[in-house]
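Q: With the hints as a guide, bring the two chains together.
Keeping their order, the protein sequence lines are chains A and B. With this note's numbering, the residue at position 231 of the first sequence is 231, and numbering never jumps. With this note's numbering, the residue at position 132 of the second sequence is 132, and numbering never jumps.
Rather than coming from a laboratory, the hints here were simulated on the basis of the structure. The structure presented is a predicted model; accordingly, all values stated were derived computationally and were not measured. For every residue, glycine included, the Cβ atom is placed at its ideal position computed from N, Cα and C. One should not assume that every hint holds.
Some chain B residues well away from chain A (every beta-carbon gap over 12 Å; in silico) [said to hold, decoys possible]: (1) Pro14; (2) Ile31; (3) Pro47; (4) Glu63; (5) Glu76; (6) Thr174; (7) Gly191; (8) Ser270.
Here are the simulated distance ranges between beta carbons [what the hints assert, rightly or not]: (9) A:Glu27 <-> B:Asp122: 45 to 53 Å; (10) A:Asp213 <-> B:Gly245: 17 to 25 Å; (11) B:Gly55 <-> A:His224: 27 to 35 Å; (12) A:Ile76 <-> B:Glu198: 53 to 61 Å; (13) B:Asp145 <-> A:Ala187: 40 to 48 Å; (14) A:Val70 <-> B:Ser249: 27 to 35 Å; (15) A:Leu244 <-> B:Gly268: 13 to 21 Å; (16) B:Gly268 <-> A:Val94: 24 to 32 Å; (17) B:Asp212 <-> A:Leu86: 53 to 61 Å.
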Amino acid sequence: MSASVSRDYQPSYYGRPIVKEPVWKPEIPTYFFTGGLAGAAATLALGARLAGNDTLARRALWTNAAAITVSPLLLIKDLGRPMRFLNMLRVFKVRSPMSVGTWIVSASGTASGVGAACELFGVLPRVRAAAEAGAGLLGPFLSTYTGALVADSVVPAWHGARRELPFVFAGGSCASAGGVVAALTPAWSAGPARRLAIAGAALELASTKAMEDGLGELVGKPYHEGRAGTYAKAAKAATAAGGLLMATVGRRRAGAIVAGSLLAVGALCERFAVYHAGKQSAADPLATSIPQRSRKADEAFPDPLATSIPQRSRNANSAPTSATPKTSHAT
Amino acid sequence: MIVAEPDGHETYAPEERQRRVGFFTDTSVCIGCKACEVACKEWNLLPEDGLVWTGHSYDNTRELDANTWRHVAFVEQRVDDGMRWLMSSDVCKHCTHAGCLDVCPTGAIFRTELGTVVIQDDVCNGCGYCVTACPFGVIGKREIDGDGGMHKCTLCYDRTQDGLEPACAKACPTESIQYGPLDDLLERARGRVEELHEAGVDEARLYLADEDDGIGGAGAFFLLLDEPEVYGLPPDPVVPTRDLGEIWSAAFAAGAALVAGVAVAFLGGSR
Numbered sequence: 001m002s003a004s005v006s007r008d009y010q011p012s013y014y015g016r017p018i019v020k021e022p023v024w025k026p027e028i029p030t031y032f033f034t035g036g037l038a039g040a041a042a043t044l045a046l047g048a049r050l051a052g053n054d055t056l057a058r059r060a061l062w063t064n065a066a067a068i069t070v071s072p073l074l075l076i077k078d079l080g081r082p083m084r085f086l087n088m089l090r091v092f093k094v095r096s097p098m099s100v101g102t103w104i105v106s107a108s109g110t111a112s113g114v115g116a117a118c119e120l121f122g123v124l125p126r127v128r129a130a131a132e133a134g135a136g137l138l139g140p141f142l143s144t145y146t147g148a149l150v151a152d153s154v155v156p157a158w159h160g161a162r163r164e165l166p167f168v169f170a171g172g173s174c175a176s177a178g179g180v181v182a183a184l185t186p187a188w189s190a191g192p193a194r195r196l197a198i199a200g201a202a203l204e205l206a207s208t209k210a211m212e213d214g215l216g217e218l219v220g221k222p223y224h225e226g227r228a229g230t231y232a233k234a235a236k237a238a239t240a241a242g243g244l245l246m247a248t249v250g251r252r253r254a255g256a257i258v259a260g261s262l263l264a265v266g267a268l269c270e271r272f273a274v275y276h277a278g279k280q281s282a283a284d285p286l287a288t289s290i291p292q293r294s295r296k297a298d299e300a301f302p303d304p305l306a307t308s309i310p311q312r313s314r315n316a317n318s319a320p321t322s323a324t325p326k327t328s329h330a331t
Numbered sequence: 001m002i003v004a005e006p007d008g009h010e011t012y013a014p015e016e017r018q019r020r021v022g023f024f025t026d027t028s029v030c031i032g033c034k035a036c037e038v039a040c041k042e043w044n045l046l047p048e049d050g051l052v053w054t055g056h057s058y059d060n061t062r063e064l065d066a067n068t069w070r071h072v073a074f075v076e077q078r079v080d081d082g083m084r085w086l087m088s089s090d091v092c093k094h095c096t097h098a099g100c101l102d103v104c105p106t107g108a109i110f111r112t113e114l115g116t117v118v119i120q121d122d123v124c125n126g127c128g129y130c131v132t133a134c135p136f137g138v139i140g141k142r143e144i145d146g147d148g149g150m151h152k153c154t155l156c157y158d159r160t161q162d163g164l165e166p167a168c169a170k171a172c173p174t175e176s177i178q179y180g181p182l183d184d185l186l187e188r189a190r191g192r193v194e195e196l197h198e199a200g201v202d203e204a205r206l207y208l209a210d211e212d213d214g215i216g217g218a219g220a221f222f223l224l225l226d227e228p229e230v231y232g233l234p235p236d237p238v239v240p241t242r243d244l245g246e247i248w249s250a251a252f253a254a255g256a257a258l259v260a261g262v263a264v265a266f267l268g269g270s271r
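Bound conformation, chain B alone (with noise of 0.2 Å):
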């Protein structure tokens, strides 16, 4: 549960923040074999959703969407002596503000014990709200055998809520998809990162990784190599409710205007 804080912010109780679970993908490992998409797909049952070519380097994928909770992106880049690659694993973020969670309608998104964020699938009744919610485009509709619903990662509720790990962190080979306690992961993350500015790689950067961001950290969090929108991340997401004061201020103020309106159009007279 996320209480708030007597300055307002909101944050995750102390017992509930030791619960939290979590994924660190280090993406300066990633080989890009997409076992962890594979292993997404079967363990989760997601339907096949269209065999393309999209000419985006070895990225078929496209995005992550109602059938696709894991997402390899493949970045191909002229550097100084030639060309690299960047690799990353996309994931749902696990926000702690979470806009789909916060905007559902109803009730069928909610927060587990373990501080993740799961859509019920038998209470969804596709409303799409939250598609438009979320600052990385990660929920989306099934239009598959007439499902209509929304889907997304469920950072494998039904493995984690029994102790095991994810499918797509088992099946990584190198380890670049990491699962834990969010605060232990953030730790080696932080590592990580050292050590690879000692290893001369200076681009080496966490992204969601802090808790003032705007939506709070996330529970799934990444090291990467440039900049967030390179890998079709947003560099400074924001939680859409997060304005969600001004939002109702504005259609208050709009309502008396038109209540306004009504009154002094009937000053007139009925002529």
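Bound-form chain A, shown alone (with noise of 0.2 Å):
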């Protein structure tokens, strides 16, 4: 049996992707902000009024109001046919991230808005408790499905961050909201806020470096270059800066203003950070490549045949980890 052609092993199709780059406009992360945000500001309007803080609780609600009836908008607004938006409700769909956060959204806004009606007249406490019970509870689920329908895809830099996607996003939500609540809020009702403003940024800071450690060099890298890279940094600047103020001149409002803005700021950014990155790692064909070779690489080859294939993988892993493709071309 004679051997295998020789050639040269070309890493990728002319460094082409080769999964697609997602189509989502930034209507889609400035939405992950806003919906995170009004999901941990209902679940703080919950907490304040078990608490008997209802000046507290007030803010929340509003806050919450206002997220929630942006975040529909985004989201119809980023679709390619807007006008079909209500198909999204023909089906419930487990396997679907984004369906189950279609209905998550229908149902939170719902309640979010008869709360907020509720409140607004002064009429029907027992429906607007039921409401505002409904919404914190669902507030949650808003705050990190997001995180799940990110990662339910096959961007490299998205699905390898599984685990810690909706913890970043669960820390940007309890900052953000956190944050405006407590810059809305005098200062002696507004205590539960700041905590939670300054524990929030603190998870994000937190499980963003264990989201960037854990995906490695390769795929990691769009959270350093890059547009990613920029948005990166400058969540990383504005959610610490913004909880140290937070926890240091936070009790005076001017200090929680300052601090509560950056904070929003930071989180914004770090949504945009994991948008970009999700972009630039779908458009780097050896991101998708080189894990996936790696694996087929450590199971046993199936094929007695292909045996030149443990040595060429080697050389795809130690292959610079540039998009530049290497052609050989004859000429």
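A: The following block contains the structure:
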């Protein structure tokens, strides 16, 4: 039997991506921010109501209502066929985080709307309490399902961070909701919002670091270069500064306003970092092929004729991690 | 319909498996004529989507997309005694575990009675989630004429329903693209690999013909003459929803952390 044709290993097809870049527009990361903010604010409002802190509860409720009002508008605007947004409600699929999320947004938006209307007109206190409880209980899902949504994809930087992304988003949600509500609330009632903001900032920073470290050099590269890298740096700086200011001068209203704004900006930037990291990651064929190739080389290769595979897989792993194709034109 | 066996492994019910059709693309006989691309465009009335010169050999089509459902790849390789061509006509894989179908939030994507995966254009609202769920980068968003919907190969559902073969297979002059019941194609493909190995073409191998792979096997599989990534194909594709348990668990845990954070925030009183 003759040997295989010997040839140079070409790690990609002219450097072209293997998976498609996500087609989502910036409305989507903006929604990740507003939805997260709305969710954590709803839970904060419920906590404040249970603790008898009505001053805080009202501010959290308004924050929640504002954020949840914007959210569906952003989602619908991003659709390729916005007039068909109701088609989302034809089905309920656990296999589709977007389907589950659509129902969460719909239910929690309805509850928030009812709660806010009752509060505004000072009517139906029991209905208001029930609506607030509903929105407050859905809040944690509203804040974190978006992490599951992007993780359930073939985009290497998203799927590879499936364990960390919901925590990154939960942290950002708490930081932004706590920060905004603390900025809107008189200092003597805003203690829980400040503490939530600080804890959220800590969780966001820690889980972002865990995510970037966990992805490793090749797949995690987008978080250190290009637009994703810029947003990631801005997010870290704003979140760290906002958290520190909230802890030190947050008891003063002016301090809370500055700190809360920084935390909101930090959470927004982190969502844009994740969004752009996904785009940059999908565009790099090696971020898709090299981890798959290593995985395959780890398994016993089932085809005894393909004896040259392990040798060349090692070459693939040590190949430069740029997307530059190695084309061997015969000329 | 995909059924779950007692061990949790999901596959086709036996009677449905018999009806499952697909493509066997034997790239060893592809001559790069692009008749498949043209036939597909014509039959499916796909719009023109840019006339560009890529400089990538004879490939000016670039990739599968909303308006390109067959794409012929051209690879030029330096080998022992000069150079060789690899030509391969790529298409939607009609996966057994189809990520696009799993994540579609409108139910626009469905599995047909022939075991193929099709987007219902009148239901799709253009959310784009399927684009991120395809391990092969097959689906695209049509930006032409304000369409906004997602499109991909239907395995010529409007032909196969009536017992006709898909346009690309019909047009292929070398039978590089073969259409038929999937099990027949698999048997034929295995025979073809043996034949090639006997003829000294050791590098011939089947791609996506294994039911135990990350997508549960494909309805469109290939005979390749080099590693998949050389053709722009993923070496070990996995449907993203395979990790859904882990994904939802992380989301629940993060939600629980959020609740705990709010609860703890109230321990210190109002001030």
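Q: Please go over all the hints and tell whether each is borne out by the structure.
A: Hint by hint, here is what the structure shows:
The beta carbon of Pro14 of chain B is kept farther than 12 Å from every beta carbon of chain A, the shortest such distance being approximately 24 Å. Distance to chain A confirms Ile31 of chain B as a non-interface residue, since its nearest Cβ pair spans about 18 Å, more than 12 Å. At roughly 15 Å from the closest C-beta of chain A, the C-beta of Pro47 of chain B stays outside 12 Å, upholding its exclusion from the interface. With a minimum CB-CB distance of about 6 Å to chain A, Glu63 of chain B fails to clear the 12 Å threshold, and the non-interface call is violated.
In this structure Glu76 of chain B is not separated from chain A by more than 12 Å, as the shortest Cβ-Cβ distance comes to only about 6 Å. Every C-beta of chain A lies more than 12 Å from that of Thr174 of chain B, the closest at about 21 Å, which supports listing it as non-interface. Look at Gly191 of chain B: its CB is around 15 Å from the nearest CB on chain A, clear of 12 Å, so calling it non-interface holds up. Ser270 of chain B, annotated as away from the interface, has a beta carbon of chain A within 12 Å; the closest lies near 5 Å.
Against the hinted window of 45 to 53 Å, the Cβ-Cβ separation of Glu27 of chain A and Asp122 of chain B comes to about 24 Å, which falls outside the hint. About 24 Å separates the C-beta atoms of Asp213 of chain A and Gly245 of chain B, a value consistent with the hinted range of 17 to 25 Å. At about 30 Å, the beta-carbon gap between Gly55 of chain B and His224 of chain A stays in the expected band of 27 to 35 Å. For Ile76 of chain A paired with Glu198 of chain B, a C-beta distance near 59 Å keeps the hint of 53 to 61 Å intact.
For the hinted restraint 40 to 48 Å between Asp145 of chain B and Ala187 of chain A, the CB-CB distance of approximately 56 Å leaves it violated. About 30 Å separates the C-beta atoms of Val70 of chain A and Ser249 of chain B, a value consistent with the hinted range of 27 to 35 Å. With their beta carbons about 18 Å apart, Leu244 of chain A and Gly268 of chain B fall inside the hinted range of 13 to 21 Å. At about 38 Å, the beta-carbon gap between Gly268 of chain B and Val94 of chain A misses the expected band of 24 to 32 Å.
Against the hinted window of 53 to 61 Å, the Cβ-Cβ separation of Asp212 of chain B and Leu86 of chain A comes to about 40 Å, which falls outside the hint.
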